[in-house]
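Student: Residue numbers (my numbering): 1 to 295.
Derived by calculation from the structure, the hints in this document are not laboratory data. Each hint should be verified, as a subset may be incorrect.
[Claimed, not checked] Here are the simulated SDA-like cross-link-like pairs (lysine to any residue), alpha carbons at most 25 Å apart as the crow flies: (1) K35 x V287; (2) K253 x P231; (3) K253 x S172; (4) K96 x S26.
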Amino acid sequence: MFVFVTIIFVFVAYTISIKFVYYRYSQVWPHLRNKISTPLNTVGNASFCPTRERSSALLRNSEEDEPRVTAGETRALLVTAHPDDECMFFAPTVLKLVESQATVYLLCLSTGNYSNQGLQRKRELLDSCAVLGIPSDHVTIIDDKELPDDPAVQWSTALISSLTLKHIRNYSISVVLTFDGSGVSRHANHIAIYVALRHLASAGRLPEGCQILSLHSISLLRKYVSVLELPVSWLLPSDFCCIIGWEEYKHAKKAMLCHRSQLLWFRQLYILFSRYMLVNTFQAITVETKNVKIY
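Put together the whole structure using the sequences plus the hints.
Tutor: Now the structure itself:
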């Protein structure tokens, strides 16, 4: 009897904590959005925690000729490795940004041609982006022999940096979103993007007002407990956080289903249980001003 009562108590308490997270997030979201809408300079290792405000964001006033971002405007660039990354890992972020009237661009660095399905996967990507709210003319898919969909091939840091920087300048991007050093799934192509953008930031080549956020990789246990992971993500510090509810989750699921060529049985389980279908947390990549050559 005691065990049964304890289980019921824990269930009720956890349900209340999840509802509390959604309630508090609805209040905090305008502050979070403002952090990536205003020209910022990432300083040190300060991080956002739901229980306190972050004070390291500084307005920039550069007179350089590079495109500037107007305060209050969000122009986001999502940099991914393969078709399906945009919804498999970043759907909550894209949906929240689109909902808040941000302008979102996608740079996908390969066609996903590992199994000779490149053409089909490109079409699937455009279908997925339409569901998520990214216009087709905001989607760029790179087909370059130096960037094959192959974890055994080392991607060119210089090429990734060049392609990303071109997009940042052409579209006056205020925030770049991509993978972290573990690439969520430890895929070598995901990690290569992080390495290239980290070097780009370290080289001081980013236009004024642009910041880079990397998606947190988490443990396997946290990754597959779905909505139960929300309180943990909420309590742990991060620089940026996106959480979606049931209606948005249905859009994320619909976007995943657009990638028909990839819907193996374990992807179906991923849709049901992955925390990345509901919440994204990011860490800022520190922007420095020293001169570093990129090879």
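Student: A separate judgement is required for each hint: does it hold in the structure or not?
Tutor: Against the structure, the hints:
Of the supplied pair hints, the one linking K35 and V287 holds, its CA atoms being roughly 15 Å apart against a limit of 25 Å. A threshold of 25 Å between alpha carbons decides the hint, and for K253 with P231 the separation of about 22 Å falls inside it, so the pair holds. Between K253 and S172, the direct Cα distance comes to roughly 30 Å. Violation of the 25 Å bound is thereby established for this hinted pair. Between K96 and S26 the CA atoms are separated by roughly 11 Å; this keeps the pair inside 25 Å, and the hint holds.
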